[in-house]
Amino acid sequence: MASYVSRFSDGNKDQKDLLGGKGANLAEMTNLDLPVPPGFTITTEACRAYMRDGHVPPELRVEVTLAVREIEDVIGRRLGDFHEPLLVSVRSGAKFSMPGMMETVLNIGLNDASVKGLTEFSGDERFAWDSYRRLIQMFGKTVLGIDGDVFASALDARKAAVGAATDVDLSAQDLRILVQTFKDIVIEQTGREFPQHPREQLDMAIEAVLDSWNTDRARLYRRRERIPNDLGTAVNVVAMVFGNLGESSGTGVCFTRDPSTGASGVYGDYLPNAQGEDVVAGIRNTLPLAELELLDPVSYDALRHAMRRLETHYRDLCDIEFTIERGKLWLLQTRVGKRTAAAAFRIATELVDESLITMDEAISRCSGDKLNQLLFPQFDSSAARQLLTQAMPASPGAAVGEIVLDNEQALERTTAGAHVILVRRETNPDDLQGMIVADGILTARGGKTSHAAVVARGMGTCAVVGAEELMVDAVAGEVRVGNLVLHAGDVIAIDGSTGEVFRGEVPVVDSPVMVYVSDGIDAGLAAARDPEARALVSAVDRVLRHADSVRRMQVRANADNAVDARRARDRGAQGIGLCRTEHQFLGERRQYIERLVLADSDDARLAALDALLPLQRDDFAGLLEAMDGLPTTIRLIDPPLHEFLPDLTELAVRVAVAPEPDPKDVVLLAAVQRMHEQNPMLGLRGVRLGLTLPGLFALQVRAIAEATVQLRRAGLDPRPEIMVPLVGSVRELQLVREEAERVLAEVSAASGVPLDLPIGCMIELPRAALTAHRIAEEADFFSFGTNDLTQTTWGFSRDDVERAFFADYLQNGVLTISPFETLDADGVGALVRAGVQGGRATKPGLHLGVCGEHGGDPESIHFFHEVGLDYVSCSPFRVPIARLEAGRAAVARNRAAA
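Per this note's numbering, residue 1 is the first one in the sequence shown, and the count goes up by one each step.
Incorrect hints may have been included.
Claimed, not checked - Straight line, CA to CA, 25 Å or less: simulated DSS-like cross-link-like pairs of lysine-lysine:
hint	residue 1	residue 2
1	Lys-183	Lys-116
2	Lys-141	Lys-183
3	Lys-328	Lys-116
4	Lys-183	Lys-159
5	Lys-141	Lys-159
6	Lys-159	Lys-116
Said to hold, decoys possible - Now the in silico label distances, taken between C-beta atoms and shown as ranges:
hint	residue 1	residue 2	range
7	Ser-382	Thr-692	54 to 62 Å
8	Arg-7	Val-814	37 to 45 Å
9	Ala-652	Thr-415	28 to 36 Å
10	Glu-532	Ser-382	16 to 24 Å
11	Ala-804	Gln-189	37 to 45 Å
12	Arg-7	Arg-315	24 to 32 Å
13	Pro-694	Gly-520	19 to 27 Å
14	Arg-61	Ala-841	53 to 61 Å
15	Ala-745	Val-655	56 to 64 Å
Hints were generated in silico from the structure; no laboratory data involved. For each residue, glycine too, the CB sits at the ideal point set by N, CA and C.
Assemble the whole structure, with the sequences as input and the hints as a guide.
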C-alpha cells in the first residue's frame, strides 16, 4: 500500500520533490531540535493521485487518522475535545515557493462546543472567539468558495458599529456576535451550515488545499515562473500555536539578512497579539523586528539564535515564519529566502567572506536575469521632483506609469501599450494578473514580508509598501495623499530602493552597475550614491571577474558599426560574432542598392558595385579597428533586396495616380514587381542572393580584404572572419568560397599583404544542421543562427505568430515561453546538437558559435555550453549577462561531473 503521510521526524530538506519545500524544511528544523510544533506532511504523491483519479486516495484517511493521533499523544489534547481541544492548521507546500498562490486554513477543530473548551483551556474568552471567527472566515473563503469580501465587509461593519479602530479592539462579545454573523453568511452563500465535526473540517480543508494547486492564479504563477504543472503540492498538518493570546504573544516573519539590499542585520516584521495571516496579508501595519527585543527579550534572543543556526545550516539567506505563544517561541516555516537582484550579489559575496560558501557557489546564486535587473536605469536624484510620500522600499528599481487600481485596469492599459503602477490598499493572490503586467507596485499597507513585497521581489518588480498616507478607493477610482486627489490614469513614479513616491514622470540615469560594466570599477564606485550601492558594485565586480576566470565559452557581441563594437568591447566582449552588413545599406545608401537592382547592363551593374566599394571598405575598417586584435565575424548580406526598395503598394499607387508618372518610378516599379515574393524570408536571400546577383558577395569580400590590408599596414591586427548566410547545401558554400578565395588572392597579390581569412557559414536551416558533416568540408567555422533555425523548425513566421496566437499558446500550455526568447532545447536544440556533432565529426577542431538572440539568454547559454560551442554572441547590452551565465554554466557542468 502506498504511503501518503510523512512525519516531520522522518524527512529532511533534500526531499522537496516528495514533501514540498515547506514540509521538507519543517522536517529539517525538527531534526535540528528547533522548536517546531508537532505535525505531518501529506506528500505530493497524494496530490498527483488526486489529480489523476479525481478523488482523495482511500488510504489517505487512515494514514491521517494515525498521524493525528500521534500529535494528540504528543500534545496531550484531542482534536475537537470539549475541554482542552487540539487545533491544527492545514497549509499547502509545493516544491517551489509560490507565495500566496495556494491555500491555508488555521484553527481546524473549533466548533460551537470546543470554542468553550478553548476559552476554559486558555483562560481568554476573547482569544477563543477570535480564533473561531478566523476559522469560519478562512474556511468559508478557502474551502466553501465564498467571496472573502463578504466576510471582510461584515467585519468592517462590526468594527464601525462599536467604534473599533482595528480587529484587536473588538471585545469577546463583539467576536461572539461576529461568529454568528459569519455562520449566517455560510448558510446564506452555500445553503449548508458551517461544519461542526472536526474531522469533516480537516478532510474538507485537505481537499481544498489539493484543489488549490490548480486554481487560475496558481497556474498563472507557475506559467510565469516556469514551474511544471505535474509536480503537485504537499499538505502540511501542524498543531496550532497561537500568536493572538494577548500581548505576550505575537507572530512575525524574519530574514537572516535584508532581502532587499543583502545587508547583514535584523530584518523582519512582527505583530503582537496576531496570527500569521495578519502579517502576510498586510491588513495591519507591522512593527520592525528589532522592537521585539524591547517587548520580549527572551523570545528575541531565542529567535536570533535560531536565525543564526538556520543560516549556518543552509549557508544562505533564510526566510523564517514564527509565532510566540505566551513567551514561547515556535518556528512555523523556513526556506531559502527570495531576494532582490542587489541582495543576491551582496549576500553571495559576503557569505564567501564568511567562509560559508565558495566563489563557485557564489556565481551559481547570481543569475544573469538578476544582473539584467541591476542594469536598469534609476531616478536622477538631481532632477526636479514632486514627492508625494515616502514609505517602505520593498523591491528595488525605478518605475514610472499610470495609476491602475485593479487587474482589469492593469490588463486593459498594458494591452494598449501603457506602462502602469498597480496601486492597492494591500495585495492578495487574486491581484497576481495585475502584478505581473505592472511596472511597479504601491500599497498603502504591509511591510517587507507582506504579500506585495514577497511576490514583487520574486518577480523582480519595483515595489513600495506601507505608504500609510495613501487612501486608496478602488470603487471611486481615486488615490488620496493628504489634500491631493489622484485618479486612475494619472502618472506617478516609485523608487523601490528609497521608498519614495513622486507625482508625474521623473528622469532616469544609468545605474551604478551599468556605469561599472560600461566604464569600469572606478567609474561604477564613483557613480554609487551611498555605501550600499558601492558594496553592490564591488560584489558584482567580484562575481563577474570570477565568472570570467572559470568559463570555457567566449562571449562575443552582435555589432554592425564601430560605435557599437567599442561599446561591446568596453563591456567585456571578446570579439564580434555577427556584423549584419545589410544594416550598412540603410538610410541614404538605399540609392546605391536601387542602382544595382535597376542596372540593365554589366557596365551599369559594375558601376553600382564600384560606388559601394569605398563605403563598405570604410565601414569594415572602422569596425575592425574598434575590435583590433579580436575576431570579427562579418556576415555577407542576408535579407532579400526588396527590403531596400520602396513598398510595392505605395509605389504602384504613386505611378497609377500620377498624370505623368516619373520614368524612374516606372522602371523602379517594374523591378520591385519582378522581385516581389509571397514569402520573402524563405525566398531569394542569403547565399541564394549572392549566387544569383553577380558581384555582390565579391564586392563585400573585396571591401573586407582591402580594409584588412589598410589596417595591417598601419600596424594594427585586424582579424575578420567571412560568414555566408542561409547555407543549405555544401555546394552553395563551395561556390561562394571559390569566389571569395579568388578575391582574397587578388587583393593579397596586389598589396603584398598575406590574407588567409577564415570563411565559414551560418547554420540556420534544418537541412544545414542535418548535413553539417558535409558542409564542414568547406567551412572553417559554423555559427548557429537560432532565430531563423527556430522559424524554420517550428514553421513560424516570428513577426506574425507572436502577434497572432502566441498569447493563446502560452495560456493553454502549448508553450511555456516564446522559443524566440529561450531556445527550444527539445526541437531546435536537437538540430544544434546534430550540427555540432556532424561538423566536428568531419573537423574535430571546427570553431562553433551562436549569433542568434538566444546567445544572450541565460537558460540557452547553459545549453550551448553543454553541447560544446566555443562562444556565444549577443547584443552589447547583454554581454555582461552572457559572461556571467557562461561562468555559471561551467560551474554547473563541473559540479554535475564531480
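Worksheet item: What hints, given by number in increasing order, does this structure fail?
Response: Structure breaks hints 13 and 15.
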